[in-house]
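J.: Read off the chains here:
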Amino acid sequence: DQQVKQNSPSLSVQEGRISILNCDYTNSMFDYFLWYKKYPAEGPTFLISISSIKDKNEDGRFTVFLNKSAKHLSLHIVPSQPGDSAVYFCAASVRNNDMRFGAGTRLTVKP
Amino acid sequence: DVKVTQSSRYLVKRTGEKVFLECVQDMDHENMFWYRQDPGLGLRLIYFSYDVKMKEKGDIPEGYSVSREKKERFSLILESASTNQTSMYLCASRGGGVYGYTFGSGTRLTVV
Numbered sequence: 001d002q003q004v005k006q007n008s009p010s011l012s013v014q015e016g017r018i019s020i021l022n023c024d025y026t027n028s029m030f031d032y033f034l035w036y037k038k039y040p041a042e043g044p045t046f047l048i049s050i051s052s053i054k055d056k057n058e059d060g061r062f063t064v065f066l067n068k069s070a071k072h073l074s075l076h077i078v079p080s081q082p083g084d085s086a087v088y089f090c091a092a093s094v095r096n097n098d099m100r101f102g103a104g105t106r107l108t109v110k111p
Numbered sequence: 112d113v114k115v116t117q118s119s120r121y122l123v124k125r126t127g128e129k130v131f132l133e134c135v136q137d138m139d140h141e142n143m144f145w146y147r148q149d150p151g152l153g154l155r156l157i158y159f160s161y162d163v164k165m166k167e168k169g170d171i172p173e174g175y176s177v178s179r180e181k182k183e184r185f186s187l188i189l190e191s192a193s194t195n196q197t198s199m200y201l202c203a204s205r206g207g208g209v210y211g212y213t214f215g216s217g218t219r220l221t222v223v
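First to last, the protein sequences are chains A and B.
Residue numbers for the first sequence follow the numbering used here, so the first one is 1 and each next one is one higher.
Residue numbers for the second sequence follow the numbering used here, so the first one is 112 and each next one is one higher.
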């Protein structure tokens, strides 16, 4: 039973436009959420995080939004660049315990 | 920067073989994790360890065991490899009060 779900396996956007990646979770105890980026043949790398006491966190071109009532978070990338093409994983944990990951969304940014 | 090193990038093993996947981290992290990544399923937690000699089952521990004799090393063991264990295996560590993990580059295991 997946506690973290990414229902879009892939997303394609034009360079310069906004990319929006979505994630839903079922465990209301989750209080920390992260996004990881993964290139082929490499391990995932941390991108951005948000704790449950916030509803938005911004880092340069990347913004994560959290809607606790809907158990939904999203990652916005503005503007999208070809180098952003990768698989993005949403992850969640309860306090500082082990993390659960979604299935990933493959983002393709076309020049 | 924390470095997590997985000893092999690619492995091919035969059904029934005992397989060892090694992971070493160099930043004295307490927590270490093993995941497998499969298309459409994402990263699924196999085992984790919060301290030396300590281990906990994750979501899919069947067919696997682990060993943590030293703080920096966390080994994943496939007791008798089967074809459904063909996958990308990712090791991660966490410590220093940081929530995020640092991942290794992964080991792609093929069982034939």
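FYI, nobody ran anything at the bench for these hints, they're computed from the structure.
There may be inaccurate statements among the hints.
Calculated Cβ distances over 12 Å to all of chain B for the following chain A residues [to be verified]:
hint	residue
1	V13
2	G43
3	F46
4	Q81
5	M99
6	T105
In silico SDA-like cross-links for lysine to any residue, where the CA-CA straight-line distance does not exceed 25 Å [as the list claims (entries may be wrong)]:
hint	chain 1	residue 1	chain 2	residue 2
7	A	K37	B	D149
8	A	K37	B	K181
9	B	K168	A	Q81
10	B	K166	A	D98
11	A	K71	B	K166
12	A	K5	B	S119
13	B	K166	A	R95
14	A	K5	B	R184
15	B	K114	A	K110
16	B	K114	A	Y32
17	B	K168	A	Q2
18	A	K5	B	R155
19	B	K166	A	K110
20	B	K166	B	R184
21	B	K114	A	Q3
22	B	K181	A	K5
23	B	K166	A	Q3
24	A	K110	B	P150
Even for Gly, the Cβ is constructed at its ideal location relative to N, Cα and C.
J.: All hints, please: hold or fail.
T.: These are the hints, each one checked on the structure:
V13 (chain A), annotated as away from the interface, keeps every beta carbon of chain B farther than 12 Å; the closest lies near 21 Å. Consistency note on G43 (chain A): stated as away from chain B, yet its beta-carbon is not over 12 Å from all of that chain's, at 3 Å minimum. Residue placement check: F46 (chain A) does not keep its beta carbon more than 12 Å from all beta carbons of chain B (closest about 4 Å). The beta carbon of Q81 (chain A) is kept farther than 12 Å from every beta carbon of chain B, the shortest such distance being approximately 23 Å.
Separation of M99 (chain A) from chain B is inadequate, the least Cβ-Cβ distance of about 7 Å not exceeding the 12 Å criterion. Listed as a non-interface residue, T105 (chain A) fails to keep its Cβ farther than 12 Å from every Cβ of chain B; the least gap is roughly 10 Å. A hinted pair counts as satisfied when its Cα atoms are at most 25 Å apart, and K37 (chain A) with D149 (chain B) qualifies at roughly 16 Å. Taking the CA atoms of K37 (chain A) and K181 (chain B), the gap is about 29 Å. The hint is violated against a cut of 25 Å.
Of the supplied pair hints, the one linking K168 (chain B) and Q81 (chain A) is violated, its CA atoms being roughly 39 Å apart against a limit of 25 Å. Between K166 (chain B) and D98 (chain A) the alpha-carbon distance is near 12 Å, which keeps this suggested pair within the 25 Å criterion. With a CA separation close to 30 Å, the supplied pair K71 (chain A) and K166 (chain B) exceeds the 25 Å bound. Taking the CA atoms of K5 (chain A) and S119 (chain B), the gap is near 30 Å; set against the 25 Å cutoff, the hint is violated.
Note on K166 (chain B) and R95 (chain A): the hinted pairing holds, with a Cα-Cα distance of about 19 Å set against a maximum of 25 Å. Between the alpha carbons of K5 (chain A) and R184 (chain B) the distance comes to roughly 31 Å, so the proposed pair goes past 25 Å and is violated. A hinted pair counts as satisfied when its Cα atoms are at most 25 Å apart, and K114 (chain B) with K110 (chain A) does not qualify at roughly 32 Å. A hinted pair counts as satisfied when its Cα atoms are at most 25 Å apart, and K114 (chain B) with Y32 (chain A) qualifies at roughly 23 Å.
As the CA atoms of K168 (chain B) and Q2 (chain A) are separated by approximately 16 Å, the hinted pair is consistent with the 25 Å bound. At most 25 Å may separate the alpha-carbon atoms for a hinted pair to count; K5 (chain A) and R155 (chain B) meet this at roughly 12 Å. Proximity of K166 (chain B) to K110 (chain A) is assessed by CA-CA distance (about 44 Å); at most 25 Å being required, the pair is judged violated. Between K166 (chain B) and R184 (chain B), the direct Cα distance comes to roughly 13 Å. Compliance with the 25 Å bound is thereby established for this hinted pair.
At roughly 29 Å between alpha-carbon atoms, K114 (chain B) and Q3 (chain A) are farther apart than 25 Å, so this suggested pair is violated. Distance restraint check for K181 (chain B) and K5 (chain A): the Cα-Cα separation of roughly 35 Å exceeds the 25 Å cut-off, and the hinted pair is therefore not satisfied. Annotation: proposed proximity of K166 (chain B) to Q3 (chain A) holds, straight-line Cα distance about 22 Å (limit 25 Å). Note on K110 (chain A) and P150 (chain B): the hinted pairing holds, with a Cα-Cα distance of about 23 Å set against a maximum of 25 Å.
Of the numbered hints given earlier, the model fails hints 2, 3, 5, 6, 8, 9, 11, 12, 14, 15, 19, 21 and 22; all others are met.
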